[in-house]
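Each chain is listed here by its residues.
Number of protein chains: 2
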Amino acid sequence: MAILLENASVVTLNATKPILEARQILIDDGTIAQVGRKIHTEGTPITKRIDCSGMIVMPGLVNAHCHLTEILQKSFRDNMRMEIWRGYRATTEDLAKLTAAEIGTAAELACSEMLKNGVTAVVDHFSTRPGLSVDKMEAVLGAFEKTGIRGMLVPSLRDQDFIRLATQSNGRKSAKQTAPEPWREEVLTVLARLRRTRSHCGMMLGPSSPMNCSDALLREVVNVAEQFDLGIHTHLLETRLQSWAAHQIYKKPLCVHLARIGFLSSRLSTAHSVWLDDREIDLLASSGASAVHNPASNLKLGSGIAPVAKLKSRGVNVALGTDGGDTSDSYSIFEQMRLAAYLSRVVAEDPTNWITAAEALRMGTVNSAQAVPAWRGKIGMIRSGYCADLILLKPSLRLRPLRDVVHQLVFCEGGQSVHTVIVAGKVVVEGGDFTQVDENSLIRRVEPISRKMHRLYSRIKKVPDRSQKITRELYKKALAAKGLPVRFLTK
Amino acid sequence: MAILLENASVVTLNATKPILEARQILIDDGTIAQVGRKIHTEGTPITKRIDCSGMIVMPGLVNAHCHLTEILQKSFRDNMRMEIWRGYRATTEDLAKLTAAEIGTAAELACSEMLKNGVTAVVDHFSTRPGLSVDKMEAVLGAFEKTGIRGMLVPSLRDQDFIRLATQSNGRKSAKQTAPEPWREEVLTVLARLRRTRSHCGMMLGPSSPMNCSDALLREVVNVAEQFDLGIHTHLLETRLQSWAAHQIYKKPLCVHLARIGFLSSRLSTAHSVWLDDREIDLLASSGASAVHNPASNLKLGSGIAPVAKLKSRGVNVALGTDGGDTSDSYSIFEQMRLAAYLSRVVAEDPTNWITAAEALRMGTVNSAQAVPAWRGKIGMIRSGYCADLILLKPSLRLRPLRDVVHQLVFCEGGQSVHTVIVAGKVVVEGGDFTQVDENSLIRRVEPISRKMHRLYSRIKKVPDRSQKITRELYKKALAAKGLPVRFLTK
Chain A
4 MAILLENASV VTLNATKPIL EARQILIDDG TIAQVGRKIH TEGTPITKRI
54 DCSGMIVMPG LVNAHCHLTE ILQKSFRDNM RMEIWRGYRA TTEDLAKLTA
104 AEIGTAAELA CSEMLKNGVT AVVDHFSTRP GLSVDKMEAV LGAFEKTGIR
154 GMLVPSLRDQ DFIRLATQSN GRKSAKQTAP EPWREEVLTV LARLRRTRSH
204 CGMMLGPSSP MNCSDALLRE VVNVAEQFDL GIHTHLLETR LQSWAAHQIY
254 KKPLCVHLAR IGFLSSRLST AHSVWLDDRE IDLLASSGAS AVHNPASNLK
304 LGSGIAPVAK LKSRGVNVAL GTDGGDTSDS YSIFEQMRLA AYLSRVVAED
354 PTNWITAAEA LRMGTVNSAQ AVPAWRGKIG MIRSGYCADL ILLKPSLRLR
404 PLRDVVHQLV FCEGGQSVHT VIVAGKVVVE GGDFTQVDEN SLIRRVEPIS
454 RKMHRLYSRI KKVPDRSQKI TRELYKKALA AKGLPVRFLT K
Chain B
4 MAILLENASV VTLNATKPIL EARQILIDDG TIAQVGRKIH TEGTPITKRI
54 DCSGMIVMPG LVNAHCHLTE ILQKSFRDNM RMEIWRGYRA TTEDLAKLTA
104 AEIGTAAELA CSEMLKNGVT AVVDHFSTRP GLSVDKMEAV LGAFEKTGIR
154 GMLVPSLRDQ DFIRLATQSN GRKSAKQTAP EPWREEVLTV LARLRRTRSH
204 CGMMLGPSSP MNCSDALLRE VVNVAEQFDL GIHTHLLETR LQSWAAHQIY
254 KKPLCVHLAR IGFLSSRLST AHSVWLDDRE IDLLASSGAS AVHNPASNLK
304 LGSGIAPVAK LKSRGVNVAL GTDGGDTSDS YSIFEQMRLA AYLSRVVAED
354 PTNWITAAEA LRMGTVNSAQ AVPAWRGKIG MIRSGYCADL ILLKPSLRLR
404 PLRDVVHQLV FCEGGQSVHT VIVAGKVVVE GGDFTQVDEN SLIRRVEPIS
454 RKMHRLYSRI KKVPDRSQKI TRELYKKALA AKGLPVRFLT K
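Sequence lines, in order, name chains A and B. For the first sequence, the numbering used here gives the first residue as 4, with consecutive numbering after it. For the second sequence, the numbering used here gives the first residue as 4, with consecutive numbering after it.
So here's chain A without its partners, still in its complex pose (with noise of 0.2 Å):
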């Protein structure tokens, strides 16, 4: 099916001429085949024209770090640092028992709250308890497919505990390790299904945290990385305690164990990012990975403020992430991209270094799908060769006057202008409805889960966890300690 677009006014993301007025863009066979004033069609039987007068066309949005089943505990917590809070999730989780099907509406849900908002390609770092099963796995890709969603399935792995380790006065060596769970064929079996269908969505390899797996773990991580040929994306260094905690277990910067040990790399990318110091952030700039920014996330949890400007001015790729439902809230890329504008200029720095708008419009697109290999080069940018993910928007009061495009969409987008959204040639939302997904039952089948869910939490947050205080105490040292980086004010 080939898809003319005519009259667009077409987001570049190109510094010196970051809108084309009055283009034609074909679409066909889910990828963008031409951009231009007066193109070809000949030999394209074209079978949808939609006339773009007085509207934006932008590529799609790209969410680099996310969790999709998080979203049934949206708003269950508040004013509480991230261990603590993740804590509750897990353990919220844990009671509910969630089955293959739950997961799967939980994550329809998300991915259709995204592709209302103009995220058309998506990072699930997926990790379910009590473990990983391939109906699981399926149940989230099942709901890309459903919602018509670009996704990245990332199944999260772990075999350790960091804050054990931490506080462990003998140290890692010693440390009992949890026995790794089974993930090897699970994972293998799933992508196997994936190439063999020739599926749009794809698969990478998660360990949850570095300090939460072994070394052994991370190195298998990257041998089966490399034998498919698969990205690999993880948590680094989000929290002050963690960056305390990194300190007690390596005896040196994580990152100059990870580079050791060959985890670092340019099929990585690393949700956070907030901790590092500056040999660190030199140490992931040779490599090649890149950082995912998750300004919403970790401005809830008060983990500080990541060193956004510095990562880029090394040359770090630096991506954008939404982060779970249950940490900030919302699935939405236009926020992300207005806090890392804003975030970027509570560092006193010259004016000059402060994230520009078109910066952070390239960190919610071209960025994004940079920090995933199976995206590079192919989605992020509306350019022919590229796959035909963008959106349409019809600008809504909140951009008038419309004067500076790229600007506004990142200062003052809210998402009310999304109109058409278009996902590997396929509409997908069309005049702000779903032409795939039926919003009042997906909404009827969700509310029920997050309502025996908070029933679960209701009865834990009432118990008094010895854990909890465990995790106060050791914040108290976490902030006490010297020659960590600044990420954030004290007084």
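In short, the hints are calculated from the structure, not lab data. Don't take each hint at face value.
Same chains, same names: a pair is fine if it fits in one copy or spans any two.
30 Å max Cα-Cα, derived DSS-like pairs, lysine-lysine [what the hints assert, rightly or not]: (1) K149 x K485; (2) K381 x K20; (3) K429 x K397; (4) K313 x K485; (5) K255 x K397; (6) K313 x K479; (7) K51 x K480; (8) K149 x K397; (9) K397 x K254; (10) K381 x K41; (11) K429 x K100; (12) K464 x K313; (13) K20 x K41.
Put chain B on the given structure of chain A with help from the hints.
What follows is chain B alone, placed relative to chain A:
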């Protein structure tokens, strides 16, 4: 005209019972007459019934500090500190010589954008170049009337220039003062008309900033305010440069000086209030003045993070404002609430001091109403006897699953859910559409004015301006100065 809302989930702003389910709300003669499970409507002929099943009914949001006309320069500039930004804005306005009609059109657009995003009351700190006139003030008031928003017009006053004063070695006593523009007669003419016609809109007095006003002018403002029972609104210590300049001019903390001349009182609200020190915060608190937090604008211009948690804990009423459309780019109080909660977490204190969703919601409604003497105890809550300023939200996907309404309104809502807006008992937005404003015609009228201004700006931005160099050098001094509060991260 009496309106009966039925089956409403009402947001109370009450800590113990934040939501009341299945309520009726009777609106009569612009006022909330009754709220209850089953209320008596005998003797009140109901002219309109609205079934609110599945909707959230909350108080209209209140924008306690903004500049409406600045919407014409939305997106003109990026990556400049406040003083340089403002210089460009003022010069562009000087060249544009806006007519009263153009000012009215701009104000109409800003008010319309706000209404569609749930803001029902706004304080316009109105500065106009070359000067105040009755017809320009009436044009803004006309925009309030046309769109139906509740508006407070605050003409900006000044008679000196703080940068000149701060850089003069002989201090402020001998500084040449600009002759104050005549303002008393014009302001009182408009005020008399407002009171005669019993308009639901009003006026306050608005010294641009205390440092831009002589003590004589500030004293005159206090006298006129007392005589006519008016509120006073001003900018206060927005940037590091201002903080530095205040110490040069007054040789003591600015608020100590203001307290001494009788400027601090419960009539006063102070926009920004970023660079106050602890003593000044206590003076503000004991005077009963309100601080207006403008997080988006402070972020965009790199002005620093206001000490909101501290202001609150010392007892200052903290309101929210968007500031102008060319600094924070949009007029969304939903966004300001979210940013207020987020930014409180960049200050790495105890999480129990972080601004919660419930606190942020109070800041954007009842606290903002509290900052305006004429609105105290009259708007910002859904309670019988209050003005009927409220909004009905039909939860968009971003609010799903819907568990904690208050949490989600603050952390998830982008404005998409706003369905019906009622101001002073009048439905001004219904089903997402205006009842009084012709949106397309408004856009057609406003775009050429903004385009004309952009042409003027494009000309001046090419010419190097000596004052910018001076400002940059002063910033270096201000950044290097010791003893100022810490309001952003340095490195």
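Hint by hint, here is what the structure shows:
1. For the homomeric pair K149 and K485, neither the shortest alpha-carbon distance inside one copy (50 Å) nor that between copies (59 Å) is at most 30 Å.
2. For a Cα distance limit of 30 Å, the shortest separation of K381 from K20 inside one copy, 21 Å, qualifies, whereas the shortest one across copies, 51 Å, does not.
3. Taking the closest pair of Cα atoms, K429 and K397 come within 30 Å of each other both inside a single copy (19 Å) and across two copies (29 Å).
4. In the homo-oligomer, the alpha carbons of K313 and K485 lie at most 30 Å apart both inside one protomer (21 Å) and across protomers (25 Å), since each shortest distance falls under that limit.
5. Neither within a single protomer nor between protomers do K255 and K397 lie at most 30 Å apart by alpha-carbon distance, with minima of 52 Å and 52 Å respectively.
6. For the identical chains of this complex, K313 and K479 are neighbours both inside a copy (27 Å) and across copies (21 Å), given an alpha-carbon limit of 30 Å.
7. For the homomeric pair K51 and K480, neither the shortest alpha-carbon distance inside one copy (62 Å) nor that between copies (61 Å) is at most 30 Å.
8. Taking identical chains as interchangeable, the C-alpha atoms of K149 and K397 lie at most 30 Å apart whether they share a chain (25 Å) or sit on different chains (25 Å).
9. Neither within a single protomer nor between protomers do K397 and K254 lie at most 30 Å apart by alpha-carbon distance, with minima of 54 Å and 54 Å respectively.
10. Proximity of K381 to K41 under the C-alpha cut-off of 30 Å is restricted to the intra-copy arrangement: shortest distance 24 Å within a copy versus 60 Å between copies.
11. In this assembly of identical chains, K429 and K100 lie within 30 Å of each other by CA distance neither inside one copy nor across copies; the values are 35 Å within and 49 Å between.
12. In the homo-oligomer, the alpha carbons of K464 and K313 lie at most 30 Å apart only across protomers (28 Å), although the nearest pairing inside one protomer, at 39 Å, exceeds that limit.
13. In this assembly of identical chains, K20 and K41 lie within 30 Å of each other by CA distance solely inside one copy; the values are 19 Å within and 61 Å between copies.
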